[in-house]
Each structure stands twice: as C-alpha cells, then as structure tokens.
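**Q** The lines below spell out each chain.
There are 2 protein chains.
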Amino acid sequence: MTGHPALAIDIGGTKLAAAIVHPDGRIAAHDRTATPSPPPERPKGGGESSPGGVGGRPPTMNRPPERPEGAEAIWSALVALVDKVFADAGAPSLAGVGVGCGGPMTWPAAEVSPINIPAWRGFPLRERLRARYPGLPVRVHNDAVCVAIGEHWRGAGQGHDNVLGMVVSTGVGGGLILGGHLIDGGTGNAGHIGHVIVDPDGPPCGCGGRGCLEAVARGPGLAAWAREQGWRGDEDDPTGADLAEDARAGHPVAAAAMRRAGRALGLAIASATHLCDLDVVTVGGGVSQAGDLLFTPLTETFNTHARMDFAQRVRIVPTALGQTSGLVGAAALVFRASRYWGPSDKQ
Amino acid sequence: MTGHPALAIDIGGTKLAAAIVHPDGRIAAHDRTATPSPPPERPKGGGESSPGGVGGRPPTMNRPPERPEGAEAIWSALVALVDKVFADAGAPSLAGVGVGCGGPMTWPAAEVSPINIPAWRGFPLRERLRARYPGLPVRVHNDAVCVAIGEHWRGAGQGHDNVLGMVVSTGVGGGLILGGHLIDGGTGNAGHIGHVIVDPDGPPCGCGGRGCLEAVARGPGLAAWAREQGWRGDEDDPTGADLAEDARAGHPVAAAAMRRAGRALGLAIASATHLCDLDVVTVGGGVSQAGDLLFTPLTETFNTHARMDFAQRVRIVPTALGQTSGLVGAAALVFRASRYWGPSDKQ
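In the order they appear, the protein sequences are chains A and B. Counting from 1, one number per residue, gives the positions in the first sequence under UniProt numbering. Counting from 1, one number per residue, gives the positions in the second sequence under UniProt numbering.
Just so you know, these hints were derived from the structure itself, not from any lab. Just so we're clear, the structure is a prediction, and the values are computed from it rather than from any experiment. Idealized CB from N, CA, C, for every residue including glycine. Incorrect hints may have been included.
If you want the ones that stay clear, here's a sample from chain A, every Cβ over 10 Å from chain B, calculated [what the hints assert, rightly or not]:
| # | residue |
| --- | --- |
| 1 | F86 |
| 2 | R121 |
| 3 | P134 |
| 4 | I193 |
| 5 | A241 |
| 6 | D309 |
| 7 | D345 |
| 8 | Q347 |
Computed footprint of chain A on chain B, listed as stretches where at least three residues anywhere in the stretch have a Cβ under 8 Å from a Cβ of chain A [said to hold, decoys possible]:
| # | segment |
| --- | --- |
| 9 | 172-186 |
| 10 | 195-206 |
| 11 | 227-233 |
| 12 | 308-319 |
Label pairs and their calculated CB-CB ranges [said to hold, decoys possible]:
| # | chain 1 | residue 1 | chain 2 | residue 2 | range |
| --- | --- | --- | --- | --- | --- |
| 13 | A | P203 | B | P220 | 30 to 40 Å |
| 14 | B | P204 | A | H4 | 50 to 60 Å |
| 15 | A | D24 | B | P220 | 47 to 57 Å |
Excised from the complex, chain A in its bound form (with noise of 0.2 Å):
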C-alpha cells in the first residue's frame, strides 16, 4: 500500500504519545512522554495584594478559570513531541493527523476536557491541530474509540464485523464496531462499557452513577478494596498495576481483587454481547495484565450468564497491538474514515 503516512497522536493523563503511521498501519517513528502535570494552585485568600496579582497583569484582566498556563504547557509539549516524532520520520507529507484523547469532549469538534488532565477544560484541541496543519484532515476520537479501531484495523478483531475493544486501567473505557462501522452515537460517547451496571447497590462511580463496571474493575477501585482487606497497608498509593503483579506471584487478596474485576468485567460483556450480538471482544490495558488470573473467572462469569447459542460465539480475547494500538487506531481516523469516522464534517 502507498500513499502519505499520518500523524497519530494519543493524549492521556500520564502520557502523550505521537507517531507516524504507513497507511498500512506500520509504525515509522514513535516517541512518548510524560503529560506536564498542572501548576501548583495559587493561594487562594490572603498572602496576594492584588486579585489579579500573579504574573502582573492588571487585576481588570479576569483570569480564566482553566488556568491557560497549564493548557499552554500541554500543549507546547505534544508540540515538541510531535515535531520530534516527524523529523525522526524524515519530514515527510501527511495524509492527515489522528487523536485519541481522553474524554469527555465535545464531539466532532474536539473541545476536551480530559477527566485526568484537569488543565485541559474545553481545550479547542482540533481547531489547534488544524490552525498548525492546515489543509490536512484533523480527526479526534476518544482514547479507548482509538484502542478499539486500532484492535479492529490491525489487532485483535481484524477480520470480524462485530467488536468491542476494551480498556481496562485507570478508567475502563472501550469503541463499539458494528456492521463493520465506528459506533458513535448521538454525541459521540457509544462504547462506555465502564458504565454499564455490573452491581446495581454497587460503589458509587465517578460519573456519578453507582454500581457501574469501572466503579468495580477499574485499577484504582481494585487497588483500594486490596487494601481494605489488608493488602500492602503499608505502601501509600499502590497501583492496579502492582496489583496484577502481586497476583501473578501468588497473593491471596491480589488474586481476590483480580477475579471480583474478571466477575465484573464477564457480567459486562455478557449484558453487551447480548445487545449488540458481537463477534470478538478485546481486553487491553493495565489490569488486563494479570492475564488468566483475569480472563479465567471473566470468561467464568460470563458463561454463566451469556446462554444463548449466539452470545456463545463471541471471542473474549486479549488486545494484540500492546501500547501502539491507540495511535493506530488514530491514524485509521484519517486512512479509513469510510468505516472510522462518522461525522460530514471530514477536515
């Protein structure tokens, strides 16, 4: 396959991360880094002569509430990555530039406000993207929307009409294909299968809800029930992640921790395999790292649940791009926009 590479970008809270990817969906160069944490919060009350003090503005200036300088640093560092990214690649034309971000956002127009980037509130990210690249295509989806089309395109779930692409970490999110196609939605936000219900009398979420599979299976939430039995009380912030690990090497409650999320992520799928009648569902992410300390009471609970012949079929499955695949889904935003992006509005 020939024809321009696109950049690919994938924004988190922890990290931003850039490609430049084939058509085909090689990856040419690829670099990360870490997303700069926000400024420390100005005192509030007392200690500050003038209300608009800091920097010396003058105090008619109203200080929005988003604090830009933090926006700006953000900003500023995806542009030094992505201008590093492109000239490692030789500096080559683009096809066009794919995002995933993390959500919520408005959508298509890519206004975000990342729930782990408390710094980036309405930031206008595709009218940036596009006043740096003009005349090139500027398409941005959720981060787990990206996971899944990359898992879709080039993964896991190349081949299948009807996947759902999860990812199960810090949030658990996920993208919906059927018939072949991106499922967007009225608004852009299908394919929150952290929200759907798992324990209705369940742990309250952070979307406000309660009892919602992410509230359950997400590292965070694993991480603090752990401990709540007893596991490593002496650490300050173990993660999901030491969590997989611990119950890798055989602890008890991390093993524990490991199968209440594999309940709740089978229940999950079950109520989705059912109403979307799906072929393939992929599983990426931190948590998904445990592997079958995971995957065996999912695919348990899951039976259970999911009797008829044709829930029965569907494939649960571990994602096969690793970190990549959310760049290259973003970069099936610009080379497959026939089946990855729904929205008229195609620059």
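Based on the hints, put chain B in the right spot on chain A.
**A** Using the frame of chain A, we list chain B on its own:
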C-alpha cells in the same frame, strides 16, 4: 408517495396478524387471528402396536420430532389470514413481503423456532413465503426488532438516529437503530435488551442465565413475584396485563411489582444508553400499559445511574403506534431496505 404496497406479517405465540401497508406506512387492510395451539402429544410407550402407527405411515418412515401436523396447521392459518387481508385490500400488486416473527431463528434464512410456538422448530418460513410469492423480496426479522423499526420509521423514534425500541410483554425484546441504521450484529440477534443483566444473583432466566432484565420484568415473572406476595392468590393464572390493571386501581402489591419492573428497566436502559449513546428509547408491550406506575420508577432509577451529560439527554417514551408497530416495521424491511435490511441477500 406512490408505489405498490407491501404485505406485512406479525407472528407471535398467541396471535397472527397481517396487513397491506402503503409505502408511506399507512395500513390499507389489517386482520388478526389466534395462533393455532399444538395438537395434543401422542402417548409415549404403550397403547400403540406399531412404532410409526399414527396416521398409517409405514414403520420405516421416521416421524420428525417437530410434529409437522402442528407446523402445517399454523402455516395454513397464516395463509388463510394473509389471503383474506390481501382480498380485503383489493388484491393489489405487491412490492414485497415483510415479516416479524418470534425468535430464535437462523437469519437471514429465517428457519424459525419461536419459543412460544413449540410446533415450529426450524420451520422454513422465508423459503415457504418465497415459494408462495415468487419474484418478490421476502424479508423476515425478529418481531421485537420489527416493533423497533416501526417506531423508528413512523412512531415515537421518528427523526432520531440512535433508538432502542423495547417490548415488555410475555418476554422482553427489542431492536437497536444506531447511526440511522438497524443493527443486526453477527447473527441478526442484536437488540436483546431483555438479556442485559440487572441483578447478577437474581432469578433464573429462560435463556439459561440469571438476573436478566427479562427474568425480572416480563409479565409472567412479575405476576409470579406478585403472587408470592399474596396478589390474586385464589386465581389460576393472572397475567401481566391483570397486574398492570390492578396497579392502576391502587393494589399495593401490584404497584410494588411495577416498581420492581421499572427499576429493572431503568438499570438496563442506563447500561444500553452508556454503551450506545442513544437519543430515544421507546417502551411498548402489555406491561408498559401500566403507564406512570412503570415509567416513574423507571425514570428514577435511570436518573440515579445515568449521570453523564450524554446519557441525561436520552428520552424514554411510550411507543406511539400501538399494536400495529410490528406490522409497520415489517413493511419497512421492504420499503426502507437501505436502513433496515442489512443482508446482501436482498430477495
């Protein structure tokens, strides 16, 4: 709009319905009849001198297990109904034949085995209709899917691209329209909202699973639950419709059963909305006749669990077309194939 009308058929466990439908969805002629009951079981063991004895067939001719007499009795009743409706409409030239039938079925071949029609097991419905209407498109889909199509095309979901159409009756079924197109899934089984799990440790479901929406909210399930609480304990077989009526009349147990159903429906609709980013959910079927007694707890539960902006915007409304929605939807399989009929198998 001009053009030939379609023959529309709706096949359920208690009634067969048929209509002649104009290309704009108006019904020209319409009738229904009871679905013939299966003949009594032949006695097993003893009382028969020859293994193939009934009907004088030679013992070497095995009787297929699906009892073809019963199957043919239903087919004959359907043919008589269809011929009457066709004559009532003045024997018009037809654009095609659209059918909604209880599931499961192979699809799109439509060898049907409706749960509530035991005499039809692998009955070749599409093949039979094709033989009777040579040269015309004959398209068969799940009956609840046809209700969803009808409501999307001409009912309460009209003008919206992302609609879940539900039927809450003897079972709980549905159909899913996303991006303006019917979602079939891998085997034509998408839309099984009745098997979204609302209570993981809940009652066993007819599907073999546990805690499905259908297990909790179907009419007979609600009636059984209410009888356990003392409702109409002296009657043989009170129905979900009786329950809805008693709830409206102020019977506290009947009202509690409707709250139970409403809560289960609210949970399943919240999960489906999060996964599919729906615009509208239409709710029909006998149980939905309870009106606010069902919709109020439904909406309360939905609002507790669906907190994100994109989910809060969904509208949950009663169906608009009443008992004809399945016929209108079946006709749309003929008239609006580009939206509602996915298979390449267009005849």
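**Q** Please go over all the hints and tell whether each is borne out by the structure.
**A** Hint check:
no.	hint	in the structure
1	F86	holds, 34 Å
2	R121	holds, 14 Å
3	P134	holds, 30 Å
4	I193	violated, 6 Å
5	A241	holds, 26 Å
6	D309	violated, 7 Å
7	D345	holds, 15 Å
8	Q347	holds, 20 Å
9	172-186	holds (count 8)
10	195-206	holds (count 6)
11	227-233	violated (count 0)
12	308-319	holds (count 5)
13	P203(A) - P220(B): 30 to 40 Å	holds, 33 Å
14	P204(B) - H4(A): 50 to 60 Å	holds, 57 Å
15	D24(A) - P220(B): 47 to 57 Å	holds, 55 Å
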